[in-house]
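Number of protein chains: 2
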Amino acid sequence: MDDALEMEILKITEKLDQNKFVELNEYLEDMHSADIVEIIMELEEENRKKLISVLSWDKISDVFEEVETPVFISLLSAFTKDQKRMILEEMGQDDVVDLIASLDDDKQKELLSLLNREEASELKELLVYDEDTAGGIMTKDYITVKKDITVYQAIEEVRVQASEAETVYYVYVVDHMQRLVGVLSLRELIVTKANKIVEEIMKEQVIQVNVGTDQEEVARMVAKYNLIAIPVVENNGIIKGIITVDDIIDVIEEEATEDIYKFAGTTEGEYKIEDSFQKRIGASVSSRLPWLIVTVF
Amino acid sequence: MDDALEMEILKITEKLDQNKFVELNEYLEDMHSADIVEIIMELEEENRKKLISVLSWDKISDVFEEVETPVFISLLSAFTKDQKRMILEEMGQDDVVDLIASLDDDKQKELLSLLNREEASELKELLVYDEDTAGGIMTKDYITVKKDITVYQAIEEVRVQASEAETVYYVYVVDHMQRLVGVLSLRELIVTKANKIVEEIMKEQVIQVNVGTDQEEVARMVAKYNLIAIPVVENNGIIKGIITVDDIIDVIEEEATEDIYKFAGTTEGEYKIEDSFQKRIGASVSSRLPWLIVTVF
Chain A
79 MDDALEMEIL KITEKLDQNK FVELNEYLED MHSADIVEII MELEEENRKK LISVLSWDKI
139 SDVFEEVETP VFISLLSAFT KDQKRMILEE MGQDDVVDLI ASLDDDKQKE LLSLLNREEA
199 SELKELLVYD EDTAGGIMTK DYITVKKDIT VYQAIEEVRV QASEAETVYY VYVVDHMQRL
259 VGVLSLRELI VTKANKIVEE IMKEQVIQVN VGTDQEEVAR MVAKYNLIAI PVVENNGIIK
319 GIITVDDIID VIEEEATEDI YKFAGTTEGE YKIEDSFQKR IGASVSSRLP WLIVTVF
Chain B
79 MDDALEMEIL KITEKLDQNK FVELNEYLED MHSADIVEII MELEEENRKK LISVLSWDKI
139 SDVFEEVETP VFISLLSAFT KDQKRMILEE MGQDDVVDLI ASLDDDKQKE LLSLLNREEA
199 SELKELLVYD EDTAGGIMTK DYITVKKDIT VYQAIEEVRV QASEAETVYY VYVVDHMQRL
259 VGVLSLRELI VTKANKIVEE IMKEQVIQVN VGTDQEEVAR MVAKYNLIAI PVVENNGIIK
319 GIITVDDIID VIEEEATEDI YKFAGTTEGE YKIEDSFQKR IGASVSSRLP WLIVTVF
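Residue numbers (my numbering), protein chains in the order written: chain A, 79 to 375; chain B, 79 to 375.
Just so you know, the hints here were simulated from the structure itself, not pulled from any lab data.
Treat the hints with care, since some could be wrong.
[As the list claims (entries may be wrong)] Cross-link-like lysine-lysine pairs, in silico, DSS-like; alpha carbons within 25 Å at most:
hint	chain 1	residue 1	chain 2	residue 2
1	B	K89	A	K89
2	A	K187	B	K89
3	A	K281	B	K281
[To be verified] Quick look at which bits of chain A chain B covers, simulated, 3 or more residues with Cβ under 8 Å:
hint	segment
4	104-116
5	260-272
6	297-304
C-beta: ideal position from N, C-alpha, C; glycine also.
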């Protein structure tokens with residue numbers, strides 16, 4: 079653990095022990111959720127629950143997107159049914175799927191029963207895909223527009239759909255069958271005359287992957303074409319989801335770790351150096367940074 | 079080489095041999111520059127020069143951003159002085175710096191002499207930094223606004239500065255000394271009322287790195303905070319550049335490769351498996367995909 083993180087934890091534990099909740103709330107609201115996650119992973123369960131209870135709903139859902147499954151389950155138990163629903167609805171869909179996929183059947187059903195019918199059925203649809211494929215890591219929170227609207231209308235669509243979308247920087251153009259027929263970046267949209275028609279300026283050759291494409295191939299394509307997101311389609315050309323570059327970085331790290339274990343001729347469970355290394359830098363950090371694991375050898 | 083690539087190369091070589099330049103131009107304009115680079119890397123020098131001569135200027139600069147240095151030098155020699163200048167000016171600044179940094183002093187001077195004074199002095203400034211640091215991989219093509227303008231004016235600034243910028247998705251807010259005082263995403267800008275003042279809605283705690291920060295630490299931060307770009311400042315807080323996530327993926331791949339060599343207890347030059355592997359999948363592909371190198375073991 080680095081010194082700055084250790085200092086933060088001391089400071090926050092002190093406030094927690096003295097029940098200074100207002101002060102703590104102000105302090106944490108200025109902090110990035112990724113830093114809060116790092117701190118939570120180092121706290122005892124009791125203090126974790128105290129800390130999460132003082133956060134705003136926005137921060138809570140961000141934090142829940144990044145903690146590991148056992149911590150997620152334990153923290154979620156501190157909330158009422160309505161609060162749980164709120165948290166799950168605020169979270170990114172791809173993160174909720176990842177979490178639910180790692181639970182047993184009973185826990186899965188319990189969480190799915192919290193959600194409204196539409197969200198639950200979207201999640202069930204996503205749970206069908208193998209977790210190492212494009213379908214398994216995609217989200218259904220993307221922006222689509224019809225091809226015959228103007229640039230002005232398309233930007234309005236971005237505004238309307240923004241709050242739900244995983245990224246607003248690509249707008250996917252679909253026909254009446256929801257088949258992917260083009261793509262426009264927000265960059266192109268805002269530098270183009272407002273009365274142009276989407277179909278005239280969209281890129282028709284959309285770089286895309288299939289729901290069954292292996293996640294390593296998806297990563298290769300995002301890296302090669304310098305994309306912020308890549309759309310995922312079924313064989314019939316209908317768009318089913320998107321994968322954003324931040325998740326691609328997670329894939330690269332995951333694959334690198336797997337590859338290292340292969341290289342070392344062992345499996346994750348057996349590997350001793352990993353254990354001690356995890357203790358040294360904290361499980362949450364190492365799980366996000368497998369490419370660094372190698373540098374300790 | 080995969081079958082699809084091999085087919086493309088056959089098709090293109092045929093057109094090149096028959097000097098079907100108009101047809102070739104139409105064919106290549108529909109192709110992504112990253113695919114054209116893959117093809118170029120497989121052609122003989124004569125055909126490379128023929129192929130590049132039929133591309134549009136836009137495509138040429140995109141292609142030049144991604145080829146390896148020796149190919150860059152050889153291809154560039156096919157153009158006149160004015161054409162060379164045009165290509166260098168169209169290319170992303172970080173890519174030009176990478177290329178120039180790998181040349182000897184005479185070649186460096188020759189290329190710098192082609193550029194206008196402002197661009198040349200920016201490049202010289204960037205060449206000072208160690209290539210493994212934030213300063214060494216950043217670009218100076220970013221968008222800044224003053225803190226007292228409206229959201230409407232800020233979006234107008236994005237439109238004006240877009241053609242030069244490496245990304246338009248973050249707008250950096252600076253004071254009269256060019257010190258970084260805030261950041262706004264284009265996402266936030268387009269969902270906010272047009273008459274709001276930038277200072278009121280900007281995020282004041284900007285996640286940033288120093289020009290001297292090691293590139294591995296930069297990658298760790300971009301991954302941790304899920305950023306599309308990260309600003310680079312000097313000790314006095316003045317913004318000097320940005321690094322975009324596509325370059326961060328390159329860093330992760332580069333560091334992973336280095337780490338693998340360390341793990342194997344050898345250096346790049348000595349490592350035999352690497353040599354044969356490079357031949358197998360083509361140098362251009364392997365240089366972009368070191369994390370895949372490991373899977374062949």
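These are the hints, each one checked on the structure:
no.: 1; hint: B:K89 - A:K89; verdict: violated, 66 Å
no.: 2; hint: A:K187 - B:K89; verdict: violated, 54 Å
no.: 3; hint: A:K281 - B:K281; verdict: violated, 33 Å
no.: 4; hint: 104-116; verdict: holds (count 3)
no.: 5; hint: 260-272; verdict: holds (count 4)
no.: 6; hint: 297-304; verdict: holds (count 6)
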